[in-house]
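> Chains as they are written, first to last, in the numbering used here: chain A, 1 to 276; chain B, 1 to 356; chain C, 1 to 294.
FYI, nobody ran anything at the bench for these hints, they're computed from the structure.
Positions of the beta carbon are idealized from the N, C-alpha and C atoms, including for glycine.
Certain hints may be false.
If you want the ones that stay clear, here's a sample from chain B, every Cβ over 10 Å from chain A, calculated [as the list claims (entries may be wrong)]:
no.	residue
1	Gly51
2	Ala78
3	Leu86
4	Gln151
5	Gly303
6	Ile309
As a list, the in silico DSSO-like pairs of lysine-lysine whose alpha-carbon atoms are at most 30 Å apart [to be verified]:
no.	chain 1	residue 1	chain 2	residue 2
7	C	Lys243	C	Lys150
8	A	Lys232	C	Lys150
9	B	Lys321	B	Lys167
10	B	Lys153	B	Lys107
11	A	Lys222	A	Lys232
12	B	Lys130	B	Lys153
13	A	Lys269	B	Lys107
14	C	Lys243	A	Lys232
15	B	Lys107	B	Lys167
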Amino acid sequence: MNGRTDWFAHLVLCLGALLFLLPIWLVISGSTLDPAAIARGELSLVPRLSGLGVYASVLTQGSPGAGPVWRMLMVSAGMALAIAFGKIIISVLSAYAVAFFRFPFRMTAFWIIFITLMLPVEVRIIPTYTVMSNLGLINTFPGLTVPLIASATATLLFRQTFLAVPDELFEAARMDGAGPWRFLRDILLPVSAANIAALFVILFVYGWNQYLWPLLVATDPKLDTIVIGIVKMIGTETQTEWNRVMATAVLALLPPVMVVMLMQHWFVKGLTEGDK
Amino acid sequence: MASLVLENLRKNFGAVAVLHGIDLAMASGEMLVIVGASGCGKSTLLRLVAGLEVPTGGRILLDGSDVAPLDPAERDIAMVFQNYALYPHMSVFDNMAYGLRIRGVAKDAIRTRVDSAAEMLGLTPLLMRKPRQLSGGQRQRVAMGRAIVRQPKLFLFDEPLSNLDAKLRVQMRAEIRRLQRRMAVTSLYVTHDQVEAMTLGDRLLVLHQGRPVQLATPMEVFENPANTYVAGFIGAPSMNLFPAALSHGGTAAVFSPGQVIAFTDGRRPGADGRKLILGIRPEHVAIDPAGMELQIDLIEPLGSETVVIGRLPDGELFSVKLPGAAPAGESMAVSIPAAHLHVFDAETGLRLDPAG
Amino acid sequence: MERRTIFSGWLLPVVLVLPQLALTVVFFLWPAGQAIWSSMTRTDAFGIRTMFVGLENFSDLFTDPLYLDTIERSVFFCAAVAALSMGVALVLASAADREIRFRGLYRVLLVWPYAIAPAVAAVLWILLLHPQIGLIGRWLNSIGIPWDYKLNDTQAMLVVILASAWKQVSYNFIFFLAGLQSIPRAIIEAARMDGARGFFRFRTVVLPLLMPTVFFLLVVNLVYAAFDTFATIIALTDGGPGKATETLVVKVYRDGVVNLDIGSSSAQSVVLMAGVIVLTALQFRFLGRRSGGG
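Let's have the full structure, built from the sequences with the hints guiding it.
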């Protein structure tokens with residue numbers, strides 16, 4: 001279009017990209033430096049290849065304030081996957097029931113689910129903790145994941161997706177003889193595949209990035225997620241080994257960033273079409 | 001192949017009655033077209049037969065047994081949808097095979113049936129494609145194929161041609177007729193298009209506001225419309241309808257201003273002065289130098305014929321269809337041949353046939 | 001909106017909604033009810049007796065200058081985070097909406113940070129702003145600007161705002177770009193034919209058409225800044241120095257989990273709930289408008 005304004009747009013976008021790439025490069029580079037040098041304030045943008053050994057070290061051995069990173073990565077991955085799949089499964093089922101059936105108290109059920117939108121963990125910290133300890137779920141993996149599996153957002157999104165499936169498609173399947181399970185498996189899920197993929201990305205990132213919830217219900221170091229681990233590591237300010245913190249941060253970033261990058265197309269579509 | 005009988009079939013949506021009681025008997029292999037303006041209840045009638053809606057009352061007898069309580073899957077009926085409703089994630093082959101798989105038909109039997117239907121419809125080279133890779137006409141064929149492979153007792157067509165362009169519509173219309181004859185499957189076909197209705201149906205059922213107004217062969221409906229609604233609905237351009245009164249002891253009608261037309265087919269019942277509606281199709285109007293003067297408003301040349309729309313001396317709108325080109329001048333003289341006259345009662349709108 | 005046809009039967013759908021419903025009741029409604037109940041009770045210093053005190057916890061809360069300070073601080077923090085991250089994202093999205101080379105690449109580079117955890121964002125900003133090891137922090141000190149967000153209240157607030165806003169830019173960018181792309185090209189072209197150019201065209205044509213997206217994102221960003229920045233704040237400043245970066249959520253956590261003042265913490269929870277309900281109601285209002293509803 002216009003050469004001069006294009007040039008300006010390139011400049012803006014390059015600065016924007018740098019705004020995110022620079023800190024990332026800094027943390028990657030910093031992870032390879034000598035911790036004493038970092039503490040002296042000699043953080044540099046030039047990585048030291050000989051320092052790459054820190055990754056093997058943080059993965060297998062504990063750091064001050066936290067256990068080995070491989071273990072935390074497993075807990076985080078387990079938590080993120082359990083939450084993502086759990087939310088998708090129970091939300092698909094409940095949205096299917098609400099969209100394709102009529103049953104007593106259908107709208108009541110829908111509104112009860114809807115209300116959870118208004119009750120994030122942050123506003124019910126103490127009572128939820130009480131409920132969790134009554135149920136004996138403190139410091140257990142189910143305690144870490146199951147309570148986060150209820151999802152109004154996913155249910156609303158699937159309901160919207162399901163309502164957008166043309167009536168005639170549903171009727172054609174019924175004329176072909178498909179019952180509720182067959183229709184769900186053969187038609188509805190394949191047709192909604194793109195939305196499910198997008199939601200998977202959103203929920204995986206959500207599960208991976210949780211902080212307050214694990215902080216609350218899992219005090220056992222064996223159940224530390226990597227996000228918890230990082231905050232613990234920088235909490236011990238005086239003898240922080242910054243190269244280890246940075247290596248851990250890189251490892252904490254990698255899985256969700258990979259998921260977003262690999263599924264970017266579906267993810268952006270699902271996010272903007274589904275509204276949150 | 002099966003016979004279909006509807007007995008006093010009714011449907012209400014909440015307090016609104018959409019169908020007021022339909023009675024119908026179809027012979028095996030017959031093609032019956034349900035025609036009417038949008039909102040007349042024709043699609044609802046089709047969906048009741050399909051099992052997609054639950055009737056408020058009445059019975060649906062397929063081969064003598066009542067299928068009203070059954071699920072669509074249990075009725076052995078196939079349907080072709082307006083928007084085709086193809087499964088977007090399945091190939092053409094899988095779209096056609098899906099219903100057979102659910103019914104547990106053996107794999108090679110499915111293969112044979114789908115292949116022969118594809119052959120019949122010219123879909124063989126497209127079997128591995130997805131619906132989005134097909135043109136509108138090809139999708140339409142797949143939707144037909146999906147119904148054909150089922151070898152059902154009854155075919156239902158819900159305005160299947162309305163999403164095609166004009167040329168393709170004519171072509172598919174002929175194809176549907178050919179296939180239906182060849183397979184001799186009892187078929188119900190819903191449309192709002194009177195040309196489709198006239199050309200496809202063995203018989204027509206004209207619906208108006210949820211009530212059946214005429215059930216007859218297309219020619220019978222055209223030549224002897226049961227009431228003014230049917231008269232105006234079937235035929236293009238629409239029949240001219242204008243008020244008149246019975247006179248001369250029931251042997252003629254007067255219409256303003258003082259024009260008298262004598263019936264050629266017999267005396268109509270009732271006292272002189274009974275209010276009537278007269279009808280004449282535009283193509284039956286005669287050019288007659290001794291006739292009434294028609295002020296020409298608009299001329300629509302159609303190539304081989306011309307439609308002239310004008311006003312009679314009393315201001316009544318009147319259309320005339322002429323073979324060949326339009327007449328010159330701002331007016332023309334026309335007369336109404338009594339042999340082609342349709343007579344209706346003005347109060348009920350019903351056709352008024354000669355008494356005795 | 002409802003479907004024209006449905007499956008018959010009620011047992012299967014009830015079984016299908018049951019898991020979701022059970023989780024919702026056990027982990028959402030029950031705790032919320034408990035919060036409302038304990039917000040109206042008070043436990044004595046020895047934790048032996050609990051008594052009903054009505055709305056006393058609330059009246060205590062709203063007469064406590066510390067709490068009122070926290071509200072004021074949180075409102076400022078939320079507004080700053082929302083304004084900063086939406087502003088930056090809008091500029092980037094406007095640039096990326098153009099038909100320029102590498103725009104696919106730019107989009108990838110601006111979308112991936114969605115995946116960064118708030119806690120990890122904090123680590124990245126420590127590397128930039130820490131007074132001793134941070135790249136920028138050290139530079140500021142070296143040119144004679146005293147910089148230590150661990151000691152200086154204003155600087156601490158600035159740091160948590162920067163880190164929190166930075167993390168949310170990607171999300172806003174995705175929505176702004178989608179919003180810009182949904183504006184029909186013909187409208188922009190008509191504005192060009194009318195002679196509207198540059199920023200004037202943006203302000204008079206593009207921005208009004210983008211307003212639904214702006215409102216939607218405003219609510220989302222306020223909710224984000226109020227709740228999801230907990231980890232960022234804890235990791236960066238732990239709410240300090242003093243209470244300089246203590247937001248409402250940080251305070252609930254401190255009073256409830258650290259200081260074990262259940263009554264006050266529950267009352268604060270109920271206040272937050274009311275806040276979320278208002279924001280959610282607003283969001284659905286604008287969502288309705290966004291999809292042309294009403």
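> Any hints from earlier that this structure breaks? Give me their numbers in increasing order, please.
As far as the earlier hints go, 1, 2, 3, 13 and 15 are violated by this structure, in ascending order.
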